[in-house]
Amino acid sequence: MNARTGGVAATASRGGQIAFAGVGIELGGKTIIENLSFAVSPGEFVCIVGASGCGKTTALRLAAGLYRPSRGTVSFSGAAMAGPRRDIAIVFQDYGKALLPWRTAAGNVALALEAAGVPSAQRAPRIDALLDKVGLPAHGAKYPSEMSGGMQQRLQIARCLAQEPAALLMDEPFGALDAMTRQGLQDEVLALVGASGATVIFVTHDLEEAIYLGDRVIGLLPHPGRIGLDLEVDLPRPRDQLATREHPEFLRLRRELFDFIRTSEA
Amino acid sequence: MTAAVVVWRLISLAVAVAFVGLWQVVANAKLVSPVFLPGPDRAWAALVRGFAGGELWAKLVGTLQHMALGWLLASVVGIALGALIGSSRAMRAYVAPTLEFLRPLPASAVIPVAIALFGLTEAMALCVIAFGSIWPLLLATIHGFAAVEPRLYEVARALGLSRAAVIFKIALPSASPDIVAGMRLSLTVALILSVVCEMLAGLDGLGHWVLLSARAFRSADLFAGVILLGAIGYLTAQGMTAAERYVLKWRGQGH
Chain A
0 MNARTGGVAA
10 TASRGGQIAF
20 AGVGIELGGK
30 TIIENLSFAV
40 SPGEFVCIVG
50 ASGCGKTTAL
60 RLAAGLYRPS
70 RGTVSFSGAA
80 MAGPRRDIAI
90 VFQDYGKALL
100 PWRTAAGNVA
110 LALEAAGVPS
120 AQRAPRIDAL
130 LDKVGLPAHG
140 AKYPSEMSGG
150 MQQRLQIARC
160 LAQEPAALLM
170 DEPFGALDAM
180 TRQGLQDEVL
190 ALVGASGATV
200 IFVTHDLEEA
210 IYLGDRVIGL
220 LPHPGRIGLD
230 LEVDLPRPRD
240 QLATREHPEF
250 LRLRRELFDF
260 IRTSEA
Chain B
0 MTAAVVVWRL
10 ISLAVAVAFV
20 GLWQVVANAK
30 LVSPVFLPGP
40 DRAWAALVRG
50 FAGGELWAKL
60 VGTLQHMALG
70 WLLASVVGIA
80 LGALIGSSRA
90 MRAYVAPTLE
100 FLRPLPASAV
110 IPVAIALFGL
120 TEAMALCVIA
130 FGSIWPLLLA
140 TIHGFAAVEP
150 RLYEVARALG
160 LSRAAVIFKI
170 ALPSASPDIV
180 AGMRLSLTVA
190 LILSVVCEML
200 AGLDGLGHWV
210 LLSARAFRSA
220 DLFAGVILLG
230 AIGYLTAQGM
240 TAAERYVLKW
250 RGQGH
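The listed protein sequences derive, respectively, from chains A and B.
Residue 234 in numbering that gives the first Met the number 0 sits at position 235 of the first sequence, with consecutive numbering throughout.
Residue 154 in numbering that gives the first Met the number 0 sits at position 155 of the second sequence, with consecutive numbering throughout.
Simulated from the structure, these hints should not be mistaken for lab results.
We treat Cβ as the ideally placed atom computed from N, Cα and C, and that holds for glycine.
Mixed in with the good hints, there may be bad ones.
Stated by the list, open to error - Example chain A residues on the side facing chain B (calculated, C-beta under 10 Å, incomplete):
no.	residue
1	103
2	110
3	155
4	161
Claimed, not checked - Straight line, CA to CA, 27 Å or less: simulated DSS-like cross-link-like pairs of lysine-lysine:
no.	chain 1	residue 1	chain 2	residue 2
5	A	96	A	132
6	A	96	B	248
7	A	141	A	96
8	B	248	A	141
Use the sequences and the hints to build the structure in full.
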């Protein structure tokens, strides 16, 4: 049952919580994605990698309902997506633009609760719990401009968790952060997601990050974006920054992914 | 307050005192005829006399009322209209040429039109003041709403915010620095136009007081009025600064 233990790739082609079926999309008169089909099972952690221009971010925005496909369907829990929904949360890469600078950390988390119609009396304890969860206790009264990049991204994650999402979509969330902060946040995200049981699609250009985090890594080919590789990651959980990255299977997958990216760019 | 700030304040105060002193010296030496230039002592005496008699109070209240009502009308209409135009690219394209035509029109040129429509009434003054002072605010509001970070609209969609919530929780606060800056400029224009309208239409206010004093060669009363107008300008600007600091406290450091 638990997707984290592996053995989900077989179910990938049909069904699943998030399913792309023959999806194509044109943006600005250009075909960005063509005939993209894959499915993500409930609780699965899928990473999407690929050379720039392969449409990874576009795929994520389709999954979020922010874009409508030109062809094919994107469905969630069996129903075609009609637009964004509260049980799908998206973490943007540019946390500086995605947070409201005029609201404190607590206020930014509150926005998600306000949108969901949570009565104001119930908000404060939930906000405290969420800030605590992402490692920002006692920062509730700070404005985003007073926080570091890592803290701002934690805050955005807290706001997404406030949606109590069934699926969490992350668009290169750690791309702008330094290596140490990035590794810390990788482990925090694994712990948070493990605790909530949410399905995750995680877009990254960092191949090692994809293997480290994912149950499965999908490699996209560019121009137009389509699936080139679908790898199952059979590494024990919980993952460990040293042991996992030194695991022979990790090194094998890493080689395979690097070869894929190199040939896709050639 | 740091020592440096105290020193700067003291220097600026000293400059003001020196200016008043110089004025007194010039007046005492009768370099300019006392008919036209009273000393600060006579101007002050006229100020005290005017307030004691209650007449200057009435004029002060009149001007403040013209300015405040016109400015508030301009603010309400300007923000609403600016929000409407600023949040739609099509609206901006349709309305922009009209705005560009109306904006450089001097408000004083509108006064005869307003007088023809409303007569020499308070309604005329209200319209002229609101029309003249709406422009800086309207243009700033349009810019503020047009410049809302598109990512925030996506966040709003992902969170499922209602239309009203998007306006009041995302767009309006995002545009607030521009709006406040526009309101500050509008306030200055509103004061100028209040005085002009009072002069032209003989409405109760400092503008009328200043004009009558000048015609009657009551230079001390004239200066008392001018000093009060300066004080209104200074104090309202200070009030705007305080309001701005409070509303925009999130911008804090780093900006």
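Query raised in the report: Of the hints stated earlier, which fail here?
Result: Structure breaks no hint.
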